[in-house]
Amino acid sequence: GENVEQHPSTLSVQEGDSAVIKCTYSDSASNYFPWYKQELGKRPQLIIDIRSNVGEKKDQRIAVTLNKTAKHFSLHITETQPEDSAVYFCAASTGSYIPTFGRGTSLIVHP
Amino acid sequence: DSGVTQTPKHLITATGQRVTLRCSPRSGDLSVYWYQQSLDQGLQFLIQYYNGEERAKGNILERFSAQQFPDLHSELNLSSLELGDSALYFCASSVGGARSEAFFGQGTRLTVV
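Chains as they are written, first to last, in our numbering: chain A, 223 to 333; chain B, 1095 to 1207.
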């Protein structure tokens, strides 16, 4: 089955800095890569996703890149703010859509 | 509000007991997924149902079982509970099929004492 590795497990940045979270996947058939944000005590919520026919997608301060050859994808957050502090999960899925999640990255943005 | 409803929000029970967690998916969603999130752990996929049929199984223990009913709500049954079963259990739903977004419920926090 699919295996998703996510790094780093913890990321601490100063407000205004950029943050990058990286994920790799194992199943070359995976074609959908969502990113979820989970604030403390709350449910995971989709923040951005990318499909296999696209190399990059941007939504305001967040962007995701995908390299299908290398089987890795990344989340980029620019101009980080304290409210960006949360756990971020990457996921990969194939056509049957059983998302396999990474172990999560705890992002801490210091004011 | 994601539209996915999970009950109860919190559950405290003793070892050896059996509990049932309930999930109502978003209107129109045919797929339901169950995930377990332990402390400092990621989201562990347990099981998926699609339109009443079991579609896929992940790391689900034999003590655990689930089903999806004709009205598409789902129940996760956990039996012979152990301390290590204490976790946050999430249900998610999606329209189903390739590349459809999963919407998560607020979770049920299970504490086994």
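Because the hints were derived from the structure by calculation, they are not lab data.
All C-beta atoms, glycine included, are put in the ideal place defined by N, C-alpha and C.
The reader is advised that the hints may include incorrect statements.
Taking CB as the label site, the calculated pair distances span [stated by the list, open to error]:
#1 B:Gln-1135 - A:His-332: 38 to 46 Å
#2 B:Leu-1133 - A:Gln-267: 16 to 24 Å
#3 A:Gly-277 - B:Arg-1157: 39 to 47 Å
#4 B:Ala-1108 - A:Asp-239: 26 to 34 Å
#5 A:Glu-301 - B:Glu-1148: 38 to 46 Å
#6 A:Pro-230 - B:Thr-1205: 46 to 54 Å
#7 A:Asn-225 - B:Asn-1145: 26 to 34 Å
#8 B:Thr-1101 - A:Lys-293: 32 to 40 Å
#9 A:Ser-250 - B:Gly-1110: 41 to 49 Å
These are the hints, each one checked on the structure:
1. B:Gln-1135 - A:His-332: 38 to 46 Å: Once the Cβ atoms are compared, 25 Å apart, the range 38 to 46 Å for A:His-332 and B:Gln-1135 is violated.
2. B:Leu-1133 - A:Gln-267: 16 to 24 Å: Given range 16 to 24 Å: holds, Cβ gap about 20 Å.
3. A:Gly-277 - B:Arg-1157: 39 to 47 Å: Holds, since A:Gly-277 and B:Arg-1157 (Cβ atoms, about 44 Å apart) stay within the stated range.
4. B:Ala-1108 - A:Asp-239: 26 to 34 Å: violated, 47 Å
5. A:Glu-301 - B:Glu-1148: 38 to 46 Å: holds, 45 Å
6. A:Pro-230 - B:Thr-1205: 46 to 54 Å: Roughly 30 Å apart at Cβ, these two residues miss the hinted range, so it is violated.
7. A:Asn-225 - B:Asn-1145: 26 to 34 Å: holds, 28 Å
8. B:Thr-1101 - A:Lys-293: 32 to 40 Å: holds, 39 Å
9. A:Ser-250 - B:Gly-1110: 41 to 49 Å: For A:Ser-250 and B:Gly-1110 the Cβ distance comes to about 44 Å; the hint holds.
In the structure shown, a violation is registered for the earlier hints numbered 1, 4, 6, in ascending order.
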